[in-house]
Amino acid sequence: MSVEEHTIVNRRGFLGLLGVAGAGVVGTALVPGNVGHGEAIAETRAFLAADAATATDGGVAAAEPHEHGRASAAAQTSTADDALSVDEMDAMHEASVRAFPAATAGLGGQPLPFVMDGDVKVFALSCQVVQWEHAPGAFVEAWAYNGVVPGPEIRVTEGDTVRVHVRNELGQSTAIHWHGLMLPNAMDGVPGITQAPIKPEGEFTYEFRIREGNAGTHMYHSHYNSAFQVTKGLLGSFIVEPKDAATRPAFDREYTIVLNDGPIGAYSLNGKTFPATQPLMAKLGERVLIRYMNEGLMIHPMHLHGMPMLVTAQDGYLLPQPYMCDTLNIAPGQRFETIVNATDLGVWAFHCHVLSHAEGPHGMFGMVTAFIVEP
Amino acid sequence: MSVEEHTIVNRRGFLGLLGVAGAGVVGTALVPGNVGHGEAIAETRAFLAADAATATDGGVAAAEPHEHGRASAAAQTSTADDALSVDEMDAMHEASVRAFPAATAGLGGQPLPFVMDGDVKVFALSCQVVQWEHAPGAFVEAWAYNGVVPGPEIRVTEGDTVRVHVRNELGQSTAIHWHGLMLPNAMDGVPGITQAPIKPEGEFTYEFRIREGNAGTHMYHSHYNSAFQVTKGLLGSFIVEPKDAATRPAFDREYTIVLNDGPIGAYSLNGKTFPATQPLMAKLGERVLIRYMNEGLMIHPMHLHGMPMLVTAQDGYLLPQPYMCDTLNIAPGQRFETIVNATDLGVWAFHCHVLSHAEGPHGMFGMVTAFIVEP
Amino acid sequence: MSVEEHTIVNRRGFLGLLGVAGAGVVGTALVPGNVGHGEAIAETRAFLAADAATATDGGVAAAEPHEHGRASAAAQTSTADDALSVDEMDAMHEASVRAFPAATAGLGGQPLPFVMDGDVKVFALSCQVVQWEHAPGAFVEAWAYNGVVPGPEIRVTEGDTVRVHVRNELGQSTAIHWHGLMLPNAMDGVPGITQAPIKPEGEFTYEFRIREGNAGTHMYHSHYNSAFQVTKGLLGSFIVEPKDAATRPAFDREYTIVLNDGPIGAYSLNGKTFPATQPLMAKLGERVLIRYMNEGLMIHPMHLHGMPMLVTAQDGYLLPQPYMCDTLNIAPGQRFETIVNATDLGVWAFHCHVLSHAEGPHGMFGMVTAFIVEP
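First to last, the protein sequences are chains S, Z and G.
375 is the number that this note's numbering gives the last residue of the first sequence; the numbers go up by one with no jumps.
375 is the number that this note's numbering gives the last residue of the second sequence; the numbers go up by one with no jumps.
375 is the number that this note's numbering gives the last residue of the third sequence; the numbers go up by one with no jumps.
No lab work stands behind these hints: they were computed from the structure.
Be a bit skeptical, because a hint or two may be false.
Claimed, not checked - Reference listing, derived: stretches of chain Z covered by chain S, where coverage requires no fewer than 3 residues with Cβ under 8 Å from a Cβ of chain S:
id	stretch
1	93-99
2	118-128
3	293-303
4	322-330
5	359-373
What the hints assert, rightly or not - Stretch-level coverage of chain S by chain G, calculated; a stretch enters the list once three of its residues show a Cβ under 8 Å from a Cβ in chain G:
id	stretch
6	89-99
7	295-303
8	366-372
Built from N, CA and C at the ideal position, the CB exists for glycine as well.
Excised from the complex, chain S in its bound form (with noise of 0.2 Å):
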């Protein structure tokens, strides 16, 4: 089968699918606020569907006679596996990406609403302990501003004065810290330096003005007991755009991925595991600003196939010399913003590189999503 007939078989299950699905409605189904979990859901399944039957039906593999058979070479797997035939195991891995993306409750990183007091950009934050579901069914117990992880998104712009009112609703005390951003000392939420924990059932108001030459990709979380906190949920982005759109690179679409390796299933992705993280989706041809940051203990390296990422900011910061690379390694309170050309239709595995965060005996999990190209 030569390059020409593969991409023949591939497009033809690729563009009818979209010819059920409807392309104009994908193409801004995950603009975050714009448009439910559920739609994405619906039109991402259908892709999925339509790309294993063309893999299934059309790939060469299904030429081959001894495609589904128990090989004998069973007998050499490794003793960590063999609890599971080999169909058992196709089975659970192609279950897993069957299921993407799974419906679940809640979803964070939604924008946060404000009011304007005079000149003042006006928030409100509660902390609170909250059941979440990761995956399909998975709850734990999350500790979570506005009952959400990640938190809501505080999008700002340089130049404004926000005012952001907490209240904890804990069990524990708790604080804010606004990483990234240039403020006054008293407004950096460091309990004990800067102020006094927030108590249970207290609240604090935080406010400060976003500096010029501070846009970018930035975070807040809690700086109070925070390896159990912020690992707990407590975490969220924090975007400041420019005054001027034209000092950073043009984009049609962005995405923001909060990377988190706590007690919320371990390995997430906006406080979602695979198979119920979220896609990111794009057409054909656009530039896709995808921001990165990392609220975890540990470093992730993120992996797009298929295009690669120009790396454009660094901590919010342009670099003066943008790089390209495919895999990004992000360390604990680092963030990154890219830039990715949507070159190539299909759906693209987008997950961390260090495979046991992202793949075990019983398929892929954890810091797993895609990025989806559509005509």
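We have chain S; now place chains Z and G onto it with these hints.
Using the frame of chain S, we list chains Z and G on its own:
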């Protein structure tokens, strides 16, 4: 409360303090080798006391009636922390900060004196087993150069010829590798490859010329049974100043931070663990050179609150394009040089952002210090 | 002893050796695929023997009367190493170095032959379970392409069309992901997303054109049960040469280092653990291209003694601003290309600087090799 009120409250405490502590003294208190630890301790404690008072008395939180009440939400507390009540946990968190910077016996990283033998700078290092106090009252067995962890700083200039007499008073053989220096192979310090091991009670003399082009932040450490000996404390900084200072970024004062995660208190900065770590002090407007080196076995992404760093050199080599960040990931063996502009007054937390290296239910510990900017 | 004397002593041993070993042969001994392992082993052993003799006989240490005496400080030795006497530990350290480079059965990473089918370069890979000798006498079960770890190197040129026949002789399904290559989605090798798994005794044919702009250092590896299959050995290098060599930095010879931390001896370079790792050899003045790729689950900051590296490409993409370092942190999934100028004669240690991956009380092991510069 407006931003202006916040700032005023903060400044009142901050400036009030300075009247007490005497601003004139602080300025050079922690320039290595200039002044004793005691002055810095007294001064920093006063800073922190004032700061905390500000937060408690003047902060927004104090206006809330429930601020100090025990919340009914306590029942939601995770099992992991059930052993501590809210007030107990708060008290422990506060105590660790109040103790900072805590006095301990021994201070590593101070300049190693030398004598001239003709054109040669002659240093002496003795490898010894000592009891090392990394936090108040916390003594561990350390393997140390000249009795301190990190070993004394060796500081020379490009073009110098350096001779180092090493005497082994340990119970194991050892050898010293000059990590980052370009030198004759026989001086590289790897037993079995470039020399015989230095047996207990044995000696060895290293001698080499510092090449032009080798300026920057380097290290010396054991290269024998090294996973054990280095993390136990056989490590130190080796700074090569450029012949022409104009070839490197200008700065007003400098600090070196040696990261380690070995037996010495697990997570240490310059051989001490919080609250016994030394603060970094600066006057408003100064440019501060911070050198990092990782002598441990894990990554440590160091996060400075409040102000970004300009990363100017890696492993001693000037970066052709310095870049900005606020969280710098440092892997074992790596060194970085950064410049921080001290633009903002206050006591700024400064810690490893692998949060489990910095804070637990009992408060901050390990790889935590503060960057203190005074008027 | 002056620097000059040191240098003379060193040179005497070093040059004396070369008279024995024959400098002419060494030059190309380890260019992959040129010469067998045996020659390199004999030669390198001779180098090391001469070097060690130099250190013992002519070094400063030998002049010390207590050099070989058991120190009274022995009682201070930490419990962890009490089981070994000084001489026992020294003997074990020396033995591991003397054995280097130790002969073992099997050598991975050699060029994979291909046949032309019209314009298509056709390769074949068979996935097999083998017993793999990673260190002398240390056999482990490996999952391997064509029986070797790493799998054979696939090396092609921008613009080539590549076809790879894959046959699965394992007891689990599998699939191959071409990590770093831009290709049609159906060829990306992710079961459930882009193809069906390749069942035991099944086959699959991948075919794709290597795009212009995709030159550099890439990888191929399993993308099925991958945390297990990749670390077990289903991995290899995929090198894309540029159509125009002038577009990339010039070099005189090259090496590829595949990092792994899986079941194969825990910490391996190109499927071998020290002392069975292969040395990198160079002639004085040569420019050596060293390619790194991390197929493991942990970071590995590789430290080259004696000479810095110029980092020229990341994940195959040329850096707009190459930078210098001596310790390069490589995260799982990342690749780097570096140029080392072989400016200094000798046997230079070259190892992962997570020291616990490289040395223990019994001497060096795991991720250690040497960079050997000869006249």
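Index of numbered hints that the structure contradicts, given in increasing order = 2, 8
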